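These are the residues of each chain, in order.
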Amino acid sequence: MTDTLLEIDRLSVDYETARGDLKALRDISFDIRKGEIVGIVGESGCGKSTLISSILRLTAPNTRFRQGEVRFKGQDLLQLPERKMRDLRGADISIVFQDPMQTHNPVLSIGQQMLDIQHRSKASKAEKRARAAQMLGAVGIPDPEARLDQFPHEFSGGMRQRIAIAMALMSEPDLLIADEPTTALDATLEVQIIERLQELQQEFNCAILFISHHLGVIAELCDRVVVMYAGAVVESGEVREIFHDPKHPYTRRLIDCDPGHIKERARVLPTIPGEVPDLANLPGGCIFRDRCDLATARCVEVPPLAKLKEGHHAACWLNHKEAAE
Amino acid sequence: MTLLDVKNLKTSYGPVNVLAGVSFAVEPGETYALVGESGSGKTTVIRAIAGLAPAQEGSVKFDGQEIRGASERTLRPLRKDIAMMFQDPVGSLSPRLTIRSLITEPYRIQGMKDRDLDAEAKRLLEMVNLPAHFADRYPYQLSGGQARRVGVARALALKPKLILADEPTAGLDVSVQGELLNLLNDLRERLGLAIVIITHNLNVVRHVADRMGIMYLGRLVEEGTTEAIFKDPRHPYTRCLLSANPEPDPDARLERIALKGEPPSLLKRPSGCEFRERCPFAQEICTQTPQWEVDNGHGLRCLAPLHQGRAA
Ligand SMILES: Nc1ncnc2c1ncn2[C@@H]1O[C@H](COP(=O)(O)OP(=O)(O)OP(=O)(O)O)[C@@H](O)[C@H]1O
Ligand SMILES: Nc1ncnc2c1ncn2[C@@H]1O[C@H](COP(=O)(O)OP(=O)(O)OP(=O)(O)O)[C@@H](O)[C@H]1O
Ligand code: SF4
Ligand SMILES: [Mg+2]
Ligand SMILES: [Mg+2]
Numbered sequence: 001m002t003d004t005l006l007e008i009d010r011l012s013v014d015y016e017t018a019r020g021d022l023k024a025l026r027d028i029s030f031d032i033r034k035g036e037i038v039g040i041v042g043e044s045g046c047g048k049s050t051l052i053s054s055i056l057r058l059t060a061p062n063t064r065f066r067q068g069e070v071r072f073k074g075q076d077l078l079q080l081p082e083r084k085m086r087d088l089r090g091a092d093i094s095i096v097f098q099d100p101m102q103t104h105n106p107v108l109s110i111g112q113q114m115l116d117i118q119h120r121s122k123a124s125k126a127e128k129r130a131r132a133a134q135m136l137g138a139v140g141i142p143d144p145e146a147r148l149d150q151f152p153h154e155f156s157g158g159m160r161q162r163i164a165i166a167m168a169l170m171s172e173p174d175l176l177i178a179d180e181p182t183t184a185l186d187a188t189l190e191v192q193i194i195e196r197l198q199e200l201q202q203e204f205n206c207a208i209l210f211i212s213h214h215l216g217v218i219a220e221l222c223d224r225v226v227v228m229y230a231g232a233v234v235e236s237g238e239v240r241e242i243f244h245d246p247k248h249p250y251t252r253r254l255i256d257c258d259p260g261h262i263k264e265r266a267r268v269l270p271t272i273p274g275e276v277p278d279l280a281n282l283p284g285g286c287i288f289r290d291r292c293d294l295a296t297a298r299c300v301e302v303p304p305l306a307k308l309k310e311g312h313h314a315a316c317w318l319n320h321k322e323a324a325e
Numbered sequence: 326m327t328l329l330d331v332k333n334l335k336t337s338y339g340p341v342n343v344l345a346g347v348s349f350a351v352e353p354g355e356t357y358a359l360v361g362e363s364g365s366g367k368t369t370v371i372r373a374i375a376g377l378a379p380a381q382e383g384s385v386k387f388d389g390q391e392i393r394g395a396s397e398r399t400l401r402p403l404r405k406d407i408a409m410m411f412q413d414p415v416g417s418l419s420p421r422l423t424i425r426s427l428i429t430e431p432y433r434i435q436g437m438k439d440r441d442l443d444a445e446a447k448r449l450l451e452m453v454n455l456p457a458h459f460a461d462r463y464p465y466q467l468s469g470g471q472a473r474r475v476g477v478a479r480a481l482a483l484k485p486k487l488i489l490a491d492e493p494t495a496g497l498d499v500s501v502q503g504e505l506l507n508l509l510n511d512l513r514e515r516l517g518l519a520i521v522i523i524t525h526n527l528n529v530v531r532h533v534a535d536r537m538g539i540m541y542l543g544r545l546v547e548e549g550t551t552e553a554i555f556k557d558p559r560h561p562y563t564r565c566l567l568s569a570n571p572e573p574d575p576d577a578r579l580e581r582i583a584l585k586g587e588p589p590s591l592l593k594r595p596s597g598c599e600f601r602e603r604c605p606f607a608q609e610i611c612t613q614t615p616q617w618e619v620d621n622g623h624g625l626r627c628l629a630p631l632h633q634g635r636a637a
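Protein sequence lines, in the order shown, are assigned to chains A and B. Numbering-wise (the numbering used here), the first sequence opens with residue 1 and increments by one. Numbering-wise (the numbering used here), the second sequence opens with residue 326 and increments by one.
Source of the hints: derived by calculation from the structure; they are not laboratory data. Check the hints yourself; a few may be wrong.
[What the hints assert, rightly or not] Restricting the straight-line Cα-Cα distance to at most 20 angstroms, the calculated cross-link-like pairs of lysine to any residue (SDA-like) are:
hint, chain 1, residue 1, chain 2, residue 2
1, B, 447, A, 278
2, B, 593, A, 148
3, B, 556, A, 267
4, A, 263, B, 550
5, B, 593, A, 150
6, B, 593, A, 147
7, B, 332, B, 346
8, A, 263, B, 441
9, B, 593, A, 142
10, B, 593, A, 133
11, B, 335, A, 154
12, B, 593, A, 196
13, A, 263, B, 555
14, B, 585, A, 192
15, B, 447, A, 19
16, B, 556, A, 192
17, B, 585, A, 143
18, A, 263, B, 575
19, B, 556, A, 19
20, B, 335, A, 155
21, B, 556, A, 18
22, B, 593, A, 154
23, B, 585, A, 18
24, A, 263, B, 576
25, A, 263, B, 401
26, A, 263, B, 580
27, B, 585, A, 19
28, A, 263, B, 568
29, B, 447, A, 274
30, B, 447, A, 275
31, A, 309, A, 296
32, B, 447, A, 262
33, B, 593, A, 143
34, B, 585, A, 196
35, B, 585, A, 134
36, B, 335, A, 195
37, A, 263, B, 447
38, B, 585, A, 195
39, A, 263, B, 552
These numbers come from a predicted model, not from an experiment.
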């Protein structure tokens, strides 16, 4: 398959902790094609940030890769020498971290940081500076030229996020990974950034892996969606199918909880009762079983992530004929 | 009695005036939302209220007492009544402390030594739906949303009267977000807690806020009950903002009203109405300077206000 850009193949990752190994990712598989925009949604703590830091090999010291491959253009990134990995990061693959402070060095001016990331370019310093200012302007920062000399703490939360996005776009990557890049942006700017990302995708055929809790943004931006729960993929498919015909009870409950659906003022907002399983002491059977209102006797076995039709997968026994009997 | 009364608050960083006079008031038991453009000064407003950002002019009264520029001696006993939830969750937690120390730190700062801190830590974690064994973790071992919840637990530790919450649900999935908002609402009802919440999530605002203020370029441009503002936004900026909200439906057809041009420079504020250059509804009269006018509890800074039905 020549148009596949990134293949995550049966990836399992643990964190070693005092309470034993925390199984943060288990058997994760999905692909991203060239120029495709894929969204990841899932509850807080389900492993989204762990997944992307694993792709980039920027993991915490207590991380252990247990199994699987992460192939980028056919090459397993987990086997690549660190020097080659460094070359890939920021050139072929760019990232916008969940916490913009992870991108920005607090003691360097924004302008200096934007010059530094252009170290591969042969342009003169003045040209690089002009390009940095132009990128800041493109994400809606007023007075970009003057603001290059300011330090990260002198910008608002949303400005820091936009600067991180601008920096990630500078290298025109083949793959942009963005971890909740719009949480601090007002709705008008959020839409502007979505449009900017779509342009980028069209202009450079850049693929985007986009993590967000804002289902409205996912619906608007993404071609496909991967739904994660407690360290596993429970469903994946085209954005329309996921929103209109979800095949996993967790996906359905998640969508139902979105206050964006509730137009009348509600004092009590819907939630999914129960608790997320302890990843250091995994329960048997379906990972969602404790909280699932449709569970049956069959659910004490782990349901496979089964192909329901081309491009739509879900891990729930309800999609298997035998379960209905 | 009004719990928080902010009048004409002004903040400058050097030549840049970030807040150009912000006024609003919050009653006990009320939830007030501050929304508006990124960079319009929302975080600065609540940091200035809490004494964490400078405010060169204006007044901040808490329970009738002036606290702008007050001495540490005046402020110290108030610190337990005013709690802050920061916009940047991980950065606001000191990396070398365990979660147990972090969430019980307010007790130690207030010198409440007789508390059973282990029990308190357990109670607070439970309140924000985190397992008790998280007490032994360090901030870097948490996901973004878990760190956010630790910040919330810490803010609630001393049973404050006023919560200043900067994007408290950013980074939370919709279910955990619902739990957190239900928790705040419950505290508001039971303890008469007042909440000032900054959020970009308009779906959240609609459900939790009694009243809301919309900020643009360091000023409020509109204020009113949440219901009135969602039903009939009068200021063109408010109308544009509400129209942009992405819908959780890939087939939704949105009639967005786009802002024109770029956000203006704070170094040379536009003349006349400061929104004029970007306003899709601007009229000739808008070269004059609009004043803040209040009609029936609805505040507005606009010379050509919209009314229901007036199209783009
Ligand atoms: N270094 C670490 N050591 C131990 N546990 C960790 C570490 N980092 C993360 N975890 C745990 O691993 C799980 C997955 O975390 P991760 O940050 O990937 O979640 P996430 O899906 O990004 O969540 P959020 O939406 O809240 O950001 C969480 O339960 C978290 O507490
Ligand atoms: N310490 C500082 N020094 C200089 N300028 C600052 C400082 N803190 C904030 N500013 C500027 O003040 C303005 C308002 O920032 P503030 O953080 O209050 O915005 P905000 O409304 O909270 O935005 P966001 O929604 O993006 O978080 C911005 O232009 C910002 O760059
Ligand atoms: S497999 Fe069973 S428990 Fe799991 S989601 Fe499906 S019905 Fe629910
Ligand atoms: Mg995360
Ligand atoms: Mg802010």
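Against the 20 angstroms threshold, does the CA-CA distance of residue 335/B and residue 154/A hold or violate the hint? Distance ~17 angstroms between residue 335/B and residue 154/A Cα, so the pair holds.
Given pair status - residue 154/A, residue 593/B, alpha carbons within 20 angstroms: Holds, because 18 angstroms separates the two Cα atoms, which is no more than 20 angstroms.
Residue 263/A and residue 575/B: Cα distance at most 20 angstroms? Within the cut-off at roughly 17 angstroms; holds.
For the pair we were handed, residue 585/B and residue 19/A, check the Cα-Cα distance against 20 angstroms. Violated - the C-alpha atoms of residue 19/A and residue 585/B are around 55 angstroms apart, more than 20 angstroms.
Are the Cα atoms of residue 263/A and residue 555/B separated by 20 angstroms or less? 10 angstroms, holds
Starting from residue 556/B, check that the Cα of residue 18/A is at most 20 angstroms away, please. 53 angstroms, violated
Do the alpha carbons of residue 447/B and residue 275/A lie within 20 angstroms of each other, as the hint requires? 16 angstroms, holds
Run the distance test for residue 263/A versus residue 580/B: straight-line Cα separation, threshold 20 angstroms. Answer holds: residue 263/A to residue 580/B is near 17 angstroms, not above 20 angstroms.
With a cut-off of 20 angstroms on the C-alpha distance, tell me whether residue 585/B and residue 195/A pass. Given that 20 angstroms is the threshold and the Cα spacing comes to 15 angstroms, the pair holds.
Taking 20 angstroms as the top limit, are the C-alpha atoms of residue 593/B and residue 196/A close enough? Roughly 27 angstroms between the alpha carbons, so the hint for residue 593/B and residue 196/A is violated.
Check whether the Cα positions of residue 593/B and residue 133/A lie no farther apart than 20 angstroms. 18 angstroms, holds
Has the given pair, residue 263/A with residue 401/B, been kept, meaning a C-alpha gap of at most 20 angstroms? 42 angstroms, violated
When held up to the earlier numbered hints, the structure conflicts with 8, 12, 16, 19, 21, 23, 25, 27, 31, 32, 36 and 37 and fits the remainder.
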